[in-house]
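Just so we're on the same page, the numbering used here is the position in the sequence shown counted from 1, plus 3.
I should point out that these hints are in silico values taken from the structure, not numbers from a laboratory.
Watch out, some of these pointers could steer you wrong.
Restraint ranges, calculated between C-beta atoms of paired labels, are given here [claimed, not checked]:
#1 GLU49 to HIS15: 37 to 45 Å
#2 GLU6 to LYS36: 13 to 21 Å
#3 LEU9 to LYS60: 41 to 49 Å
#4 THR27 to ARG80: 30 to 38 Å
Using 25 Å as the maximum straight-line C-alpha spacing, the simulated DSS-like pairs for lysine-lysine come out as follows [to be verified]:
#5 LYS32 to LYS11
#6 LYS32 to LYS46
#7 LYS11 to LYS21
#8 LYS11 to LYS36
#9 LYS43 to LYS83
#10 LYS43 to LYS29
#11 LYS38 to LYS11
#12 LYS29 to LYS7
#13 LYS83 to LYS32
#14 LYS43 to LYS84
#15 LYS83 to LYS68
All C-beta atoms in this analysis are idealised placements derived from N, C-alpha and C, irrespective of residue type, glycine included.
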Amino acid sequence: LEEKNLVKSSSHKVDGRKRLIDLTPKAFKTIEKMKPIWAKMIKGLEEITDTKNNLMKAMNEVEEKIRQESFYERTNRMLKKK
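Let's have the full structure, built from the sequences with the hints guiding it.
Written as structure tokens, this is what we have:
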């Protein structure tokens, strides 16, 4: 993360063995960019897990939904909708 300039670390003032980790401005910008994607991912998971029956039937429904459209494909579809 340091190489990607997403975090910066420094030594603790009292205990030099400790490292303090802070997010960089680039990290905060990245987080803001990711929020809409995370929302779509959550929505995709909700679609996959939206079952109203017993556990075994629910698991079968989830497997079938994933077979029809993977989590990755769902997320991409939702990102394209915007």
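Hints, one by one, checked against the model:
1. GLU49 to HIS15: 37 to 45 Å: About 42 Å separates the Cβ atoms of GLU49 and HIS15, which means 37 to 45 Å holds.
2. GLU6 to LYS36: 13 to 21 Å: 19 Å, holds
3. LEU9 to LYS60: 41 to 49 Å: About 43 Å separates the Cβ atoms of LEU9 and LYS60, which means 41 to 49 Å holds.
4. THR27 to ARG80: 30 to 38 Å: 32 Å, holds
5. LYS32 to LYS11: Answer holds: LYS32 to LYS11 is near 15 Å, not above 25 Å.
6. LYS32 to LYS46: Measuring from Cα to Cα gives roughly 22 Å; hence the hint holds.
7. LYS11 to LYS21: Distance of about 14 Å is within 25 Å: holds.
8. LYS11 to LYS36: Roughly 20 Å between the alpha carbons, so the hint for LYS11 and LYS36 holds.
9. LYS43 to LYS83: 10 Å, holds
10. LYS43 to LYS29: 22 Å, holds
11. LYS38 to LYS11: With a Cα-Cα distance of about 22 Å, the restraint between LYS38 and LYS11 holds, given a limit of 25 Å.
12. LYS29 to LYS7: At roughly 9 Å apart (the allowed maximum being 25 Å), LYS7 and LYS29 satisfy the hint.
13. LYS83 to LYS32: 21 Å, holds
14. LYS43 to LYS84: 10 Å, holds
15. LYS83 to LYS68: Roughly 20 Å separates the two Cα atoms, so the pair holds.
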